[in-house]
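2 protein chains.
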Amino acid sequence: MHNLDTLGQTALTACQELALLPTQTKNQALRAMALALRERKQDLLSANTLDLETGREMGLTESLLDRLKLNPHRVEAMATGLEEIARLPDPVGTVVRGWRHDNGIEIRQVRVPLGLIGVIYEARPNVTADAIGLCLKSGNGVMLKGGKEAEHSNQAISQLLQQAAYAQGIPTGCIQQVPGTDRAIVEQLITLRHLALVIPRGGAGLIKFVTENSTVPVLETGVGNCHIYIAASADPDQAQKIVLNAKVQRPSVCNACEKVLIHQSAVAQLPALVQVLQQSGVQVRGCERTVALVPSVIPATAADWDTEYLDLILAIKIVDSTPVAIDWINRYGTQHSEAILTGSYGEAQLFTQRVDAACVYVNASTRFTDGFEFGFGAEIGISTQKLHARGPVGLPELTTTKYILQGNGQIRP
Amino acid sequence: MHNLDTLGQTALTACQELALLPTQTKNQALRAMALALRERKQDLLSANTLDLETGREMGLTESLLDRLKLNPHRVEAMATGLEEIARLPDPVGTVVRGWRHDNGIEIRQVRVPLGLIGVIYEARPNVTADAIGLCLKSGNGVMLKGGKEAEHSNQAISQLLQQAAYAQGIPTGCIQQVPGTDRAIVEQLITLRHLALVIPRGGAGLIKFVTENSTVPVLETGVGNCHIYIAASADPDQAQKIVLNAKVQRPSVCNACEKVLIHQSAVAQLPALVQVLQQSGVQVRGCERTVALVPSVIPATAADWDTEYLDLILAIKIVDSTPVAIDWINRYGTQHSEAILTGSYGEAQLFTQRVDAACVYVNASTRFTDGFEFGFGAEIGISTQKLHARGPVGLPELTTTKYILQGNGQIRP
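So the protein sequences, as listed, match chains B and H.
Going from the first sequence to the numbering used here is simple: count from 1 and add 4.
Going from the second sequence to the numbering used here is simple: count from 1 and add 4.
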């Protein structure tokens, strides 16, 4: 087993220099990295073929194999992603605020990098490029640990990007792809003293393991058991359009709708809603009352209510009142994205005030919880925790601040 | 042993209502609480006498007994502290930023309370009132666990403040003084699922125990092994004045200076500096070179360099260069407050860029790292971590944010 301590020390020393690099050096490196991806696309596809073959032998599902797969289009997307990061404003050096103390000391609060960030992720090899790009632009070193099924692809992408970055003046050692494929290496990483932060990107199992075992601060991202509550006064056509969009437009993502709550006096629209969902390939599950009303609905089990399907499945529950819907969401939701569809001003206000989540919607699809949709550009995930960052995590959230106090002899009276 | 789960659930339910209270209700409560402290001062002093008697029997040091002691002046300070918190702006409801999506969705990021906060503290009973006041004003519930030596005083203050708060419309149960005096109850508290955050206020031992064992996010406050580096070009008179102020003005606090680093070409001023410190009652320790130069200095041991004395002790080390001083500070410092005294523009820039700490000073005493000095008003401590909050932790840092998205039927294309 590798000893991550040496890698961690190397990365930490290197990223102390990275923290001070001018923006233009980082942007040049990002553009050179994009170019390298394009020029050596074939090497990446070959490495990916090895992973796909191993994956098929190991009996991975088609959906997992699809996530794992690289093709020219996906490599190009990684390259343009890095170029987009180069175009984003650099948060490092931003003066958040500043003022002068009565005694003349000039105080300013300045954004600085966090230091060394650990990123633990599964399946999709494009995360390797995204995470390296975002950490580099925000002046942070990064230690990456991808899933074992994508080992060859991740190593190939990482090697390529490291070479391109270091050739442009990024301090050697800032980017570390952690070798090894066992869980023990993950355990080492999440207790590594050099890390300022660890970000798990993946399923609920990975996130739970990291939050429970890490001694490094964790930025929890991604689990979204998102609800849409159809209130009594919701417009049925709009409700159908929004629920359909939030469920089927891209079912595998964390801001997709997983549950519909519907007020008991709005249930007349249920048969049509269920039909439209089923016609779009959605398996619809429901509470007893829903099943009684629409017999084609499959009875939901207790486990359904806190499951994030990430698939063409949706569960419906009929509720007696808006407060009941709010309590249900605060109990079973994952504080990601929650929506109310209503024509009532009072209900909209009640819902947005009382639902405890990163993003609370009125009369819109939950699918807008996204760095690009928010205008932040590329993001490293959606934070569902309350501390440090909540919602889409962009470049500023990958920094901290430092107060600089410039005096000329001041002492405290 | 008490089961904190029930207390936690009660507090969590109550603080969901507190989160929505208008500012004026919270301010009225804070002023009523101040009044109650004044009116029932005698009850508090009686409870405190019990703690002092037990403390003397248990052989507590005079300095600990002094921290434990309440007198009319200290009770009045608690009362005015609550009134000051009432005058601070309420962070809850502040719109941090807001904009409109291309598709017309109105997005705004709004400050909301964190939820339920755990505060674990030692000795000083005034922390009970400060912590309750700050949590209440920021819309958070609070579960307090004070040190066993102040058990009677803390319970008396807390009971009094709870009665006064609840009588003014603060939801009953928002404030919980955790009973019991053993470490097992602390262990329960720092793993309680209802808490959004735990704040340890006390010595390095308490903070280490909490950060290592908590499953709740921790806001680390307070350990300050602060350095002042006297560069070659520092003005000797100013250096003497600043070091003396940072060490002796109030030696028991976290922003007091604990170590002086001095450039080898500035050592001519050492004998006078040592003399002035010793005349002010400071025990001066030093590296071998310092002792060789000023024989009255006591040789420092390896343990000195990472010790926060919180006392009239200071250790001096002679260094060969500014980069060596910076590396030393980044290695032995606690990322609290670090200062350079210099006449050189380049050295000042190098130091402020490369020293990794919450507050980095040029030519001023480290004693200004403080919520009041920063103009933030009352603070719950100085954060020495990088995530969520760094530096003085005031009311805004006790909140999180929520995005509210108001649409009229938008779906994602």
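If you are wondering where the hints come from, they were derived from the structure by calculation, not from laboratory data.
Note that this is a predicted model, so its numbers are computed, not measured.
Just so it is clear, CB atoms sit at the ideal spot from N, CA and C, and this is done for glycine as well.
Careful, some of the hints might be misleading.
[Unchecked claim] Per label pair, the in silico range of CB-to-CB distance:
#1 Thr176/H / Glu110/B: 44 to 52 angstroms
#2 Arg187/B / Ser325/H: 43 to 51 angstroms
#3 Asn217/H / Thr176/B: 47 to 55 angstroms
#4 Thr27/H / Arg187/B: 44 to 52 angstroms
#5 Asn75/H / Arg187/B: 16 to 24 angstroms
#6 Gly379/H / Thr10/B: 38 to 46 angstroms
#7 Gln279/B / Gly184/H: 38 to 46 angstroms
Q: Please write out, lowest number first, the hints stated earlier that are contradicted by the structure.
A: 3, 5 and 7
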